[in-house]
Every structure is written in C-alpha cells, then in structure tokens.
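Chains as they are written, first to last, in my numbering: chain A, 52 to 633; chain B, 78 to 397; chain C, 358 to 700.
No lab work stands behind these hints: they were computed from the structure. Heads up, the beta-carbon is just placed ideally off N, CA and C, and yes, glycines get one too. A hint or two may mislead.
Within a straight-line C-alpha distance of at most 30 angstroms, the following computed DSSO-like cross-link-like pairs (lysine-lysine) qualify [stated by the list, open to error]:
id, chain 1, residue 1, chain 2, residue 2
1, B, K122, A, K158
2, A, K425, A, K158
3, B, K122, A, K564
4, A, K579, A, K425
5, B, K122, A, K206
6, A, K286, B, K258
7, A, K192, B, K151
8, A, K553, B, K122
9, B, K258, A, K275
10, B, K258, A, K608
11, C, K452, A, K482
12, A, K212, A, K158
13, C, K588, B, K79
14, A, K252, A, K192
15, A, K286, B, K256
16, B, K122, A, K374
17, A, K149, A, K293
18, A, K454, C, K452
19, A, K443, C, K452
20, A, K425, A, K608
21, A, K286, A, K296
22, A, K212, A, K149
Examples of chain A residues toward chain C, derived with CB under 7 angstroms [to be verified]:
id, residue
23, S339
24, D489
25, V500
26, V501
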Amino acid sequence: MARLVLGRSLTSLCGLVAFWVLVGTAGAPARSTEELVITDNPTGRMGGNLTVALRSEPKTLNPVLAVDDPSRDVIRCLHADLIHINRETLKTEAALAKSWEISTDSKQYTVHLRRGLRFSDGQPFNADDVIFTFQVYLDEKIHSPQRDLLVVGDKPIAVEKIDDYTVRFSLAQPYAAAERIFDGIAILPRHLLEGAYRDGKFSEMWSLAASPAQFAGLGPFRLKEYVPGQRVVLKRNPYYWKQDKSGNRLPYLDQLQFLFVSNEDAQVIRFEAGDTDVLSRFSAENFSVLQKEEASNHYHVSDLGAGLEYNFLFFNLNDLSSKGKPEIARKQAWFHDRSFREAVSSAIDRAGIVRLVYGGRATPIWGQVTPGNKLWVDSALPHPQRSIDQAKELLRSAGFSWKSDGALVDAQGNPVEFSILTSSSNAQRTKIATIIQDDLSQLGMNVHVVPLEFRTMVDRLLNSYDYEAAVMGIVSGDADPTSEMNVWVSDGETHLWNLAGKPSTPWESEMDKLMREQEVTLDYARRKRLYDRVQEIVSQNLPVICVVSPNILVGAKDRVGNFRPAILDPYVLWNVEQLYVR
Amino acid sequence: MKYLVRRLIHAALLMIGVSFFSFALLQWAPGDFFDELRLNPQISKQTIEGLRVQYGLDQPLPERYGRWLRSVAKGDFGFSVAYGSPVGPIIGVRARNTLVLTGTAILAAWLFAIPMGMWAAIGRNGWADRICGVATSTMLTIPDLLLFLCLLLLAVRTGWFPAGGMMSPSAESSGFWAKAKDLAGHTFLPAFGLAVATLPILVRHVRAAMIDVLESPFMRAARGHGISRSRLLFRYALPVAANPLISLFGFSVATMLSASLLAEVVMSWPGLGPLLIEATLSRDISMVVPVVLLSAIFLVIGNLLSDLLLFATDPRIRVE
Amino acid sequence: MRRNHKLGIGLVMLGAIHVAVLFAGFFAPYGFATQNRELPFAPPTRIHFVDAAGKWHARPFVYALGADPANPEGYVTDRSVTCPVHFWVEGAPYKIAGVFASRRHLFGVEEPGRIFVMGTDAYGRDQFSRFLFGGQLSLLAGLLAAGLSVALGMVIGGVSGFYGGWIDEILMRGGELFLALPWLYLLFAVRAALPLHASQAQIFLLIVGVVGLIGWARPARLIRGVVLSAKERNWVVAARGFGASDMYLLRRHVLPEAYGVILTQGTLLIPQYILAEVTLTFLGLGVGEPMPSWGSLLSSLQQYYVLASYWWMFLPALLLVPIFLAFYLAADAVQEHLKSVTL
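Please model the complete structure; the sequences and the hints are all you need to start from.
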C-alpha cells in the first residue's frame, strides 16, 4: 500500500535537507519538498542491468502516437501517469496524483498532484504539464489512438487548472471506469514539446531518430541510446519519484536494455541461451522445452493461469442483402438458428484443445470473461460437458437430418458445409480451428479451415463480410468491462458477428441496455450483477462460442529479484522500478 | 560510352516501372496498414479514419504515386507510416547489415568454389571429381530452410556460436578487436549457410568451364611447350574459363540484397529481409518501395558489371 | 555409359516417387485427416520380431502406445498385447485420382496398435500418410508452376531471340521488371478475389499457377540465348531461303534446339517451386487444413519447440533430399546428353 510522505516542515529546513541526504543514496539528492511514493516491496540491490526481448522494433517513442506493443512497452518505462492500475490487484492506485476528490454528481474529479517532482532532465513538474498533456491527447488533428479512451458520453473530458498542483477533470456523465482512463496517459514535459505543438509539428517529435537529449519523462528510466534494428537502451532516471522502505531511490537497475528479436521462437532461444533475463508471454509448446533446462540454465518459468484473452468461434450473422452473396446468405439460415450454434458449442472438445494446442496450459471457457479476471467473472455460469449426442439432439430438433453416409443435411436437403477463417500468422488459432473441424465432422458437417493472411482476413470480416465462420481472439485491454464496450454493444465497431450498427435480436437489445447501464453505475455490486447478466446472455445465445483462454506463461532468470508477473499487460515489466539483479 | 548511357537510361526506366507497379500491386491487395487497429475494441473508427487521411491512404493511386515521386525528387524517400519517421536511415542501416552478411558469404563461396572446381576438373572422372560431385549434389538438394534450422539448432545445443542476432549486448562497450571478434562469431553461421547454399552451382560451373578449356587445342599446345602446371592453370586456363563465371559473379552481386532473406529471418539477423517482410505484410508501401528499388538497383549493377567485365576480359565478345 | 546410368537412376527414382504418390491411398495405412487425439507427437513405431517373453514371431508386430503417468508428454509402450502387422489389409476407404474407390492398403496393424512409420504430428495424424498424400498436391503444384514458367518463357524467349531488335530489348527489360516487383501483393489480391467455398486444392493450384506464370523471366532469358545462336544455323538460313514463314521456322527448326534447355530448366524448377510452397504457407497463401502438402509439413519445423523436441518431424524435409536428387540427376543427365549431341 502506497503511503505518502509529506516533505514540508515548518522547522529546520537544513535539518530536513540533511535528513534527505542521509536517506537518499544514488541519484540526485531529494529536495526538501519532494513528495515521494514509498513502496512496500522487499529491498533490492542497487545497480545492475536487465535485458528484455521485444517482438519487433518500436516504431516511435511518442506516447501520444504509439500504437504497437513494442513501442508501448518501451514508453511505459519512460513515462508515468496520474492514476495507475496496479497490475497485480487490478485496482487503481495513486501515481503522480497523490489524492483526488469526486464531486457529488460523480462528474468532476479534482486531482491533487505531488509536489516537488522533476522530469528526467531536472525540470520541475506541475499542473501546466498536465494541462498541456491532455490538450495534446484530445487534439483531434493529432489522431491519438488513446483519445477515444478520454471520450465519455460522446464528449471529450474537460481539463482545467485550479492551481499549480491541482487540476479538475469534468466528465459529461458519471463513468464507472473514470479513474482507469488515466492509466497509460503519459504526462508530457511542456517545456520540451509545447513549441513543436504550437508549430503543428508535434507528430514528428520523439521518433526513434531523435537524440536522447530531446527526451524527458517522469518514468523510472530515460533514453540512453537506440541502435537501429538491434536494441534500445534505457538508463535510470535519478529524479524518479518512488523510494523503497529502506530509503533507496528507485529504480534499482542502472540500465534496462530491449533487444529486438523478431519472432517468439527466437526469443525463447535467446532466453535459453542466457541473452535475455526475462521472457514475457510465450506459447505453451515452448514451456515444456524451457522447463526441461530450468535447473541447468539458472532460470525458472511459471504458469500464471488464465489471462484476459478469449478465443472464440463465431458465425457470419451480418445482413447480407446489400452485399449480394447468395451462397453465404443461404447458409445464414443455419447460423441464425440458436440450436445450431448450441449444437456446435456442445460438440467442441474444449478439453482436447487445451491438451493438444496448449499442452494443458490453457483454460476452457464458456463465456468471454475468464477465471483470471477474478473481479468480474460470473462463476454461476454453467460449463456443460462435451456431448455429441446432445448436439445431435439439438440438430434434430432444428430440422436437420443425416444421410446414409453420415453427412448432415438441413430441412431442404442441402448438405451442411462451410469454411472457418483463421489468421495464418497465428498458429494456435489455426490449430483450434482444425480440431473444431474434426469435432464437427463427427456431427456430419463438412468444414474447411482456411488460413488467410491477417489483413486479408480483416478485410473479409470488417469490410466485405465475405466469410462464413471465423476463429478469432481478443485480448482485453483491461479487466474492467468498459474496455469491451465496442464488442458487446450493437453499434460497436468490434461487434464482429453483426456490424449493422443496430441490434437485430431482442437479446442484443438487452445487452446494449445492460452495457450502457453498467458504464454509468458506480456501485461495484450493482455493476457486477449487470455484467453477470451480459455474460449469461452471451453464454445462452452464443453470438460467439468461447472456447479457450491461454494461460499466461512467463520466465525469468534466477538472478532477477522482485519478479512478480501479472496477468495484465505489461506482464513482467509492470513493476520494472522494483526489479533488481542479485 | 554510348552503351553505358543507354544502359543507365534503361535502369532509370526500370526504376520508374518498378516503383509504379509496386504501388499498383499494393492497391490490389486487400487491407491497409491501419487494419490491425480495427480489431482493437478501444480505438474508434473515427480515429482510424483520421489516421488514414493524415497519411494519405484514402487517396487514389495516381495521386499517391505522384506525391511519392515529388518527395523522391526532393531527395526524401518517403515517410514510413509504421515508423513515423523518414525511411532513408532505417533502410540504410539494414542494408549495411545485409551487405556484411552476403558479402562475407559470397567471398567465402567464391574462394572455395574456384579451387574446388579446378581440382575436380583436373582430376575429372577420378576420385576427386566423384567426391566433389557427391558433395555438391548433397548441398544442392538440401532445402535452404532445413539447413538454416539445423544450424540454429546446432548453435543452441552446443553453445559454440551465438544463437542469432548480429551483436552481443555486452559487446557495445568493448574495444575494437572485441567487437570485431563478436561480429565474426555472429556472422559465421548464417554466412556459412548461405555459402553452402550457393557453393554447389558455382563449383559445377567452374568445373564445366575448366573442363571445356583444358580440353581445347591451345592448352594442349601450351602443355607441349613444357609450361609448368600452375602457370598453365592460372595464367592460361582460368582467364579463358572466366566467361561464364563472370556472368555468375554478376548474378551474385545482383542478388546481394535478396539472397539472404531466409537466413536473416531464421537467424534473426537485422537485415533488409525481416524489414521487407514486415513492411510487406503490414502494407507499409513507403518502406516496401525503396527496399524493392534498392534490390532492383543491385540487379542492374550486377548485370552491368558482368557485361562490362565480359567486354574487358573476353576479346571474343566485341560485337554489339 | 555414365550418362545412361545417371539418366536411368534418376528416371527410376522419379517414377517410383510418382507411383507412390499417385497411389498414396494404397501405400498409406491411414487417411491424411485421421486424428488420434490421445497420441500427439508420438515417435515412429518400432517394429519387433521378438516379444517380451523371448519368443520369435515370423510376422513382425508392434506394441500399442499409452500415456506415461510419470511424464505427461511421453509415451510408454504396452508390452502385454502384440499387434501383428498385416499386409494387403482392408482399411479406410480412399479414391485413386479421385475416380477409383478402394479399401485395400499395403499394410496395417490390428487394433489397438497403430503403425506410425514417421511418427505423428500435433493432432496425432500419421506423418507418413500425410507425406504421401501431400506429395499429390506438391508434385502437381511443382509440375504446374514449372510447366507454366517454361511454357511462357518459351514463347517470350523464342519471340525475343528470333526477332531481336527492339522487341528483344523490350521483352528482356520487361523480364527484369518482373523479377524485381513485389509479387506477394498480386498473390494476396488473387487469393482475396477467389470465393471461399472453392475447393482448397483448386485455390491452391490457382495460386501456384500464378506464381509459375510470374516466373517466366529466367527461363525466357536462357531460351532466348539458345534461339539467338540457333537462328544462325545453316539449315535455318537455308529453310528461310526456301521461303519458310517465321512461325514455321520457330516451330520446326529453332525451338527444337531449345527443347533440351527447356527440359533441363523445367526439371530444375520443379524442386524450387515445391520449396516456394513453404514460403507461401508461411505467408498465409498455403493450402487449408486438413489437406497436407509438403510445404505445410515443412512449415511446422519453423517452430522451435518442434525443432528441439520432436526429431521425426525432420523426416519429411530429409525425404525431400533424395526426391530433389532424383530431379537433379535427371536434369543433369539430359544436359549431358544434349551436350554430346549438339557439339
């Protein structure tokens, strides 16, 4: 639990300065008015380097523009936010904001900033930086992908400065996940970026080509160097605003290095060879390979259980009248029938998928919220066992029948035949689809699995609707249901099975209502009931047939201390300031 | 001279053709760069549309191509939509890395191919020839992918070589010789694989060419004159046998940037290969076109080099 | 004498491979899609002649595999039941060339045994059967692509070499252009334009066909070279003096000179296109599940855990070596035969 230390004293200022000089060790001496966060982790050793692999080169170090994961991984180590989501507890905690008050109508948040903090280049931090930051993020001409997170009730949040260390945020409506929207909004240094922003050149700032001197941030590290195609190196930020119980100024590490290793197998190989110190989120097959060499190579790998990813099979339920695809439209008669979808779900061998595709390191799911999301999972949902007989019963009741050679035909005598799309670059989802195909062949359905290149598949799913079924997965960006609004609300853009923009079934209307209501309900117990009902609807009506959630698998060398991996991204580096090397 | 000018004009036309058709082909392929964002529930359609407009992805083909041509004329090779920064420096570094790898491999391949081929030719139909034949046939039929995967496995299992990459993390801070040694260690396996992949064809051609020459009348005459064996081989036979070899050499140079794609992907070498694949799959046209053009330039240079060398060395080719 | 040897060996090997692949259903003990979910990544089955009691059997047999309680990934052989190997057995139905139905297989074992000559893959599917069936698609694809490349190369190279001048210039520069372009996008476009419910094999062959059509530049160059020298031959000049038309000359006199080169090039291209399939699969343009192809069998090797733990997955790649060798031997032999004839 983070406690605040108020550094102001009316008595001897010199005594206080001396006190801080004694307490603070490496890095800049803490100023008397610095309000630091004292963390409660076990004390580590100062100094040392840590090497981590990134799946590809970061594309930019500009937090407002960064879209891809590698960029965000590096940026998170360079910057800090006002309110942070603790990856371990999945709850919000104070970061650069030391406290805040919520107005009685729940629409205004008055945030008090920590005083005396400085950016990594030594310049002071205050409310002007916060105002500037939100101005940039909300600027429509800059097109920040995070802007949408700051739009509540179709209106962007309003930011106003109360004094040098107090800022007020105003929302258009009460918002259950209001505190969570601040996570990941990196507070930018006004003194370095305002000029470029005024000139309209903000988008060109802080690309990888910029020299380290042009950067500054409030994160635990600052940029040291970037070697194109190979690595980016960070060094510790002496002004970082966290301290451990023993008075050591965090981070412990002197240097953090990111290597670019283009694919997962290469990452596993280099971890095994000792080139990297931690391994984040690798696939189940590599787990057993790594497990064998644990003792001899001085590392350990852990299985954290289900994460927030859910993989599912879904059918094309879009309205195709304007698209002119008679073949698919004909088959939609089967897809729209709930008994058909239930039969498919009943025939899928989830246990077999867990065993064969993930080597046992996955969790079967029947709804979109995994057991890993302890705050929101509806444990009352039924988990029906696999039953081919029951599937056949459901099909029979829906008017299907079997020919003498076992092939399934519908009421008009047409053989049931369709294709499942997957992304060819995702080996696991293709495997899931192959197993589903074999399962459905036991029902007499003739199914083809079609692995397509990723963007070709996306084009079919979102533009041309030229598909019959697909296996996809979504990794929730946050445990909170609000992060999934666009999936479950009818006019959401990732409402994959039906992108018409309005509900086409009564249960879809009900889901819309429930999701919008939970968005503005602040009481957790009430929200949980609402979202439980949404999970029930999904599990009964099966717009998506959830199949499996891969477990989070991580690894670290034995010499890495304070390694506490979490199930939400960033899995291993969320507490990077607490990591140390023995 | 006129010939040179003509070839250069052809090269320029080729560049324009390649760049235009690359743009055209991209338009046909479904999807664009920002499609990946569309599956993220936390990003709205408006933002994606805004990004599309900002980078000009919504404009028709001729306009985009025209804009690109104009920026090239100014010396700027375009702005990568993925990296958000100019394309030039990124490609420059990667191209240098690739050339280090392929340069070493080509050098090694030729240094081994010429003696091996000559050795096989001299002892033709004898045991030396048979050994060479078997070795080259084996090397020829091993699929490249299998070769590189085995080398990778070798590196990991034995630990004699680094398992990929170009530089160790620790080498950056060491002195010159330490860095050179580190680079050599990383280069060895991929270059070895590349050399093995290209060696057999070279050896076969060297052998065939040498056999042709060794059986010709003027060689018999020279032998009759009592000239020593090594002089015969190197001063008389080799220059004449050089004709097909020069074409092959030109071909080696022409494919210097593209031959190592598989090696770079399997062994994580930070060269043009992985960059091109990533840019191609993510539809980052401003990265793809300069890389393709660079490869085309090498193609042209390779052909030109071999033609010019042929002119210079082989007096039989004077008709043009 | 040596020439005929090489040609003989090469042709025999090629013939054997094609027969094995054509009658894949007969030589393979199982279908290519039959999953054994309890036996993923099972090692190749060992054949025994002497059982646990020390008795010698005239008929070879195998033991069934069971899960190993101590090691979740390993298997333990159940030595209590011997499952004899039978020949000329009845098994899963199949069709030869899509026409002749049969149920006969060359060999098989009694239940509960399984005979996995090359082990199984991630779904417990017999790799040996998949290799044979995969050859059908891969060899056909290789032949198709090579044939198209060479045919187009013959037309363009022939015209280019025969007429010379500016036609030659344009065609050869066009060839360079073709070599340099990023064709992947065209392939994505073709794939996108195809209907989803076309048969997997048809889609795949179409893609490979396009790849073959794109690759005309190299063969065209070589054929052009041959045509350039052939058109100056005495008999061609003589025929022209007799008033033969261009078409006739090309067809009757000039192109036959190039047949040797065409044949050699074609034979050399087939293995290259078979390997190109691996790249296509890797990039999302391969054949869909559960149809096997040599490319998809090879692409599973690109994953490290397969490479490191399951050595029998290398076998399809290793088997390709003698198959490619057969092609190269045949091509070599044809080339040498040519040289001796034309000199």
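Structure-based check of each hint:
Distance hint between B:K122 and A:K158 is fulfilled; the C-alpha atoms sit about 26 angstroms from each other, no more than 30 angstroms. Between A:K425 and A:K158 the alpha-carbon distance is near 28 angstroms, which keeps this suggested pair within the 30 angstroms criterion. Proximity of B:K122 to A:K564 is assessed by CA-CA distance (about 22 angstroms); at most 30 angstroms being required, the pair is judged to hold. With a C-alpha separation of about 11 angstroms, the suggested pairing of A:K579 with A:K425 holds against the 30 angstroms cut-off.
The suggested pairing of B:K122 with A:K206 holds, with an alpha-carbon distance near 16 angstroms, which does not exceed 30 angstroms. Pair hint A:K286 plus B:K258 holds up; C-alpha atoms about 27 angstroms apart against a cutoff of 30 angstroms. The hinted pair formed by A:K192 and B:K151 meets the criterion: a straight-line CA distance of about 26 angstroms does not exceed 30 angstroms. Between the alpha carbons of A:K553 and B:K122 the distance comes to roughly 16 angstroms, so the proposed pair stays at or under 30 angstroms and holds.
Between B:K258 and A:K275 the alpha-carbon distance is near 25 angstroms, which keeps this suggested pair within the 30 angstroms criterion. A threshold of 30 angstroms between alpha carbons decides the hint, and for B:K258 with A:K608 the separation of about 27 angstroms falls inside it, so the pair holds. A threshold of 30 angstroms between alpha carbons decides the hint, and for C:K452 with A:K482 the separation of about 27 angstroms falls inside it, so the pair holds. Proposed proximity of A:K212 and A:K158 is supported: the alpha carbons are some 16 angstroms apart, at most 30 angstroms.
Between the alpha carbons of C:K588 and B:K79 the distance comes to roughly 28 angstroms, so the proposed pair stays at or under 30 angstroms and holds. The hinted pair formed by A:K252 and A:K192 meets the criterion: a straight-line CA distance of about 11 angstroms does not exceed 30 angstroms. For the suggested pair A:K286 and B:K256, the alpha carbons sit about 22 angstroms apart, so the restraint of at most 30 angstroms is met. Restraint check for B:K122 and A:K374: the C-alpha separation of about 21 angstroms stays at or below 30 angstroms, so the hint holds.
Of the pairs offered as hints, the one joining A:K149 and A:K293 holds, with about 12 angstroms between alpha carbons and a cut-off of 30 angstroms not exceeded. At most 30 angstroms may separate the alpha-carbon atoms for a hinted pair to count; A:K454 and C:K452 meet this at roughly 20 angstroms. Proximity of A:K443 to C:K452 is assessed by CA-CA distance (about 29 angstroms); at most 30 angstroms being required, the pair is judged to hold. Between A:K425 and A:K608 the alpha-carbon distance is near 28 angstroms, which keeps this suggested pair within the 30 angstroms criterion.
For the proposed pair A:K286 and A:K296, the alpha carbon gap of about 22 angstroms is at most 30 angstroms, so the pair holds. Taking the CA atoms of A:K212 and A:K149, the gap is about 16 angstroms. The hint holds against a cut of 30 angstroms. A cut of 7 angstroms between beta carbons decides the hint on A:S339: the least distance to chain C is about 6 angstroms, and the hint holds. Because the beta carbon of A:D489 sits about 5 angstroms from the nearest beta carbon in chain C, less than 7 angstroms, this interface hint is met.
Annotation: A:V500 was flagged as interfacial toward chain C, and the flag holds, the nearest CB pair being 4 angstroms apart, inside 7 angstroms. A distance limit of 7 angstroms between C-beta atoms decides the matter here; for A:V501 the minimum to chain C is near 5 angstroms, and the interface restraint holds.
Checked against the numbered hints above, the structure breaks none of them.
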